[in-house]
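Order-wise, the sequence lines are chains A and B. Residue numbering for the first sequence follows numbering that gives the first Met the number 0, beginning at 0 and increasing consecutively. Residue numbering for the second sequence follows numbering that gives the first Met the number 0, beginning at 0 and increasing consecutively.
Mixed in with the good hints there might be a few duds.
[Unchecked claim] Derived DSSO-like pairs: lysine-lysine, alpha-carbon spacing no greater than 27 Å straight-line: (1) A/Lys-133 x B/Lys-209; (2) A/Lys-133 x B/Lys-238; (3) B/Lys-268 x B/Lys-282.
[What the hints assert, rightly or not] Stretch by stretch, here's where chain B covers chain A in the computed footprint (C-beta under 8 Å, at least three residues): (4) 214 to 224; (5) 242 to 253.
[Said to hold, decoys possible] Partial list, computed: chain B residues near chain A (C-beta under 8 Å): (6) Met-91; (7) Asp-94; (8) Ala-97; (9) Asp-111; (10) Gly-114; (11) Ser-118; (12) Ser-121; (13) Arg-173; (14) Gly-175; (15) Gly-204; (16) Gly-206; (17) Thr-214; (18) Asp-217.
What the hints contain is simulated information worked out from the structure, not anything from laboratory work. We treat Cβ as the ideally placed atom computed from N, Cα and C, and that holds for glycine.
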Amino acid sequence: MKKNLGILGILLFVFIATAMGSDSFFTAYNLFNLVERSSLYGIIGIGVAFVIITGGIDLSIGSFIGLVAVTFPFVVVSHEMSLGVGLLTILALSVIAGITHGLLITKLKLQPFVVTLCGLMIYRGISRWMVADKTMGYADDKFEGLKIMVSSMNKLPGFQNVEWAKHVPVAFLILVALGIVAAIFLNKTIYGRYLLALGRNEQAARFSGINTAAMTVLAYVICSLITGFGGLLFALDNGSIQPDSFGNFYELYAIAAAVLGGCSLRGGEGSVFGVILGATLMRLLMNSISMLGISDQLEQTVIGTVILVGVIVDELVKRYAARRNAIQQAKQANT
Amino acid sequence: MPRLSKPALPLFATLVILSVAVLGCGENSSNQTGGGGGTSSSEKQPSVAYITNGIASFWVIAEKGAMDGGEEFNARVNVQMPANGVEDQKRMCQDLLAQGIDGIAISPIDPDNQGDLLSEISEHTNLITHDSDAPTSDRLCYIGVDNYTAGRMCGTLVKEAMPEGGSVMIFVGRLGQANARLRRQGVIDELLDRDADPNRYDDPGAGEIKGDKYTILDTRTDGFDFGKAKANAQDAIAKYSDLGCMVGLFAYNPPLMLDAVREADKIGKIKIVSFDEDEISLKGIQDGEIYGTVVQNPYKYGYESVRVLAGLARGDKSVIPDGKFIDIPARQIRKDNVDEFWAELKRLTAPVEASEKAAEPAAAE
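Construct the complete structure from the given sequences, taking the supplied hints into account.
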């Protein structure tokens with residue numbers, strides 16, 4: 000928590016500044032949209048955080064989201080199979096992709112960057128080829144049930160007549176649940192500690208008896224599973240999937256969220272809460288830019304600048320904390 | 000004692016930068032206007048939005064039309080161009096709805112599957128479509144060209160450019176959009192001398208489409224990636240030595256095709272037929288490197304959209320015609336009328352700059 004103070008500060012500042020600058024920002028409708036978008040990006044951010052923590056990277060996330068988004072209606076609508084078959088297909092795809100990435104990285108010792116960069120291209124090509132570039136849609140009635148995941152909480156059984164529930168996106172509940180599970184896994188289970196240890200020093204971890212190869216594969220499988228699920232949510236939310244572009248750059252948004260949230264690209268560090276904050280900050284900035292009427296040509300520049308500043312602040316705060324600790328330790332040693 | 004000022008300094012710097020970014024650019028710098036117009040200033044000025052389907056020079060002309068409309072009909076106009084497809088379009092619309100916009104004119108990227116977004120808009124405000132229609136939505140009217148007819152007009156240009164027949168390649172950004180599909184089908188149907196039927200659809204993956212005189216070899220898409228669009232053109236030249244004519248259906252395609260044909264030194268050998276009015280395409284027509292182009296009137300799309308939305312915002316339902324379709328017909332531009340057309344285009348777009356400047360004080364109020 001302490002580690003994320005810098006980003007939390009920026010988040011609050013942008014939030015308050017936007018609320019002051021625009022009457023429309025702090026409305027139920029806008030906040031609902033903002034929370035829903037942040038949740039979707041937060042989910043894929045948590046996915047990539049698992050591989051970043053081990054010192055790896057996954058550049059294939061965007062294309063994989065595209066692949067999942069295209070495959071699901073391809074199986075369920077074009078081939079008229081049941082929803083269950085569709086879900087199993089994307090589950091299988093996610094597991095296979097994760098295992099393949101993991102094995103190529105651990106057994107063949109290929110660079111994660113290269114493996115997942117190839118994944119980025121391969122998945123995109125498969126998506127386009129599979130449906131001959133045809134736009135895939137989620138307008139079919141079959142998807143109605145699943146669309147609850149990207150609607151409001153009052154669509155859930157038991158909450159139909161609850162007034163406040165209509166202002167809570169279901170995707171947010173999913174993010175909270177996933178965040179809690181991921182945080183417990185990472186911090187309270189032995190496998191989570193293994194992942195962190197492996198990220199900090201792979202050799203040391205291996206010599207201390209951790210099966211680092213298996214743990215790396217596990218990290219990539221977790222990442223692909225969460226990405227696959229996130230892809231399904233994105234697809235349901237947008238409804239229209241262009242096989243050639245859907246999900247483009249999402250890997251970079253996810254990685255940026257993870258890094259903003261305190262994950263070190265060198266591995267061994269990261270918190271789930273921080274990743275969620277990182278994802279939220281980026282969506283908040285985009286929303287603020289619209290709300291304040293800043294020219295959207297500047298959108299990426301503003302986001303890039305804020306991420307850069309956030310990372311710099313974070314680094315400086317860390318250095319300061321380290322120095323203060325050292326001074327205090329020295330003082331204690333003297334007394 | 001620890002130096003407390005250290006962490007405060009970067010944090011302070013951050014806040015300063017953010018303040019400048021957030022507050023300094025407070026008023027939209029480029030794409031909003033509001034006019035003094037002829038109406039009294041005591042009347043509440045409606046705010047309307049004009050959403051495109053991407054970023055392109057075509058939309059810059061439409062933006063100018065929309066701005067002129069804002070001036071003429073005393074409306075604040077917010078023009079937004081989504082860079083990243085449907086997701087961006089959705090976000091922009093939702094943000095505008097959150098701001099209580101009085102009407103949205105949108106060119107839906109995928110009308111069939113954006114039903115949820117379109118209903119979300121129509122529930123909150125007045126919705127009209129421009130450029131590409133969504134007939135199944137609750138849109139109040141569609142402003143644009145009949146894309147199938149425009150496609151057929153493009154087909155007749157191919158026939159004129161290559162009267163003895165030959166092979167044709169089609170290049171387009173995306174086929175997911177109804178306008179792209181209809182234009183392509185219009186070209187194909189015209190070349191094959193079929194009856195007019197906008198509901199026909201030749202699957203682009205089905206290979207060559209052979210007619211008596213003309214063969215459509217393939218349709219290549221690039222997803223708005225200009226590098227890829229040029230590579231598609233180059234690959235087609237390399238692959239088909241007997242390629243007779245290239246047809247580019249989105250504004251940016253023909254200039255890139257022209258580049259590829261020039262590099263291959265095949266000007267004149269491979270005919271180029273264009274869509275829309277990119278300056279390079281018009282120059283190509285002047286120089287005889289491009290046979291002709293079919294132009295829409297994006298300026299009118301913007302202008303008419305704002306006229307209709309401003310009228311609706313003031314409760315005037317008469318701005319919607321019977322049939323809910325405002326036809327902005329396409330035109331064929333060849334070497335003989337390109338100069339005249341270009342001059343008209345410049346005339347239409349140039350004065351807006353001046354009126355934009357004039358509108359600035361009003362918008363800043």
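Hinted contact B/Gly-175 with chain A - closest CB pair below 8 Å: 3 Å, holds
Does B/Lys-238 lie within 27 Å of A/Lys-133 when you go C-alpha to C-alpha? 24 Å, holds
Does the CB of B/Gly-204 sit less than 8 Å away from some CB of chain A? 4 Å, holds
Please verify that hint: B/Arg-173, Cβ, nearest Cβ of chain A, below 8 Å or not. This hint holds: B/Arg-173 lies near chain A, its Cβ roughly 6 Å from the closest one there, short of 8 Å.
Does the structure keep A/Lys-133 and B/Lys-209 at a Cα separation of 27 Å or less? Holds, because 22 Å separates the two Cα atoms, which is no more than 27 Å.
Tell me if B/Thr-214 is really an interface residue toward chain A, meaning its C-beta lies closer than 8 Å to one of theirs. It is violated, given that the least Cβ distance between B/Thr-214 and chain A is near 20 Å, above 8 Å.
Interface hint outcome for B/Asp-94 [beta carbon to chain A under 8 Å]: B/Asp-94 check passes; min Cβ-Cβ to chain A is 4 Å, inside 8 Å.
Quick check on B/Asp-217 please, does its C-beta sit within 8 Å of some C-beta on chain A? With a minimum Cβ separation of about 12 Å from chain A (threshold 8 Å), the hint on B/Asp-217 is violated.
Can you confirm whether chain B covers the region 214 to 224 of chain A, using C-beta to C-beta distances below 8 Å and requiring at least three such residues? n = 0 at 8 Å, threshold three: violated.
Would the hint on B/Met-91 be counted as holding, given a Cβ-Cβ threshold of 8 Å to chain A? It holds, given that the least Cβ distance between B/Met-91 and chain A is near 7 Å, below 8 Å.
Against chain A, is B/Ser-118 within 8 Å by beta-carbon distance? 11 Å, violated
The hint names B/Ser-121 as touching chain A; please verify it with the least Cβ-Cβ distance against 8 Å. 15 Å, violated
Checked against the numbered hints given earlier, the structure breaks hints 4, 11, 12, 16, 17 and 18 and satisfies all the rest.
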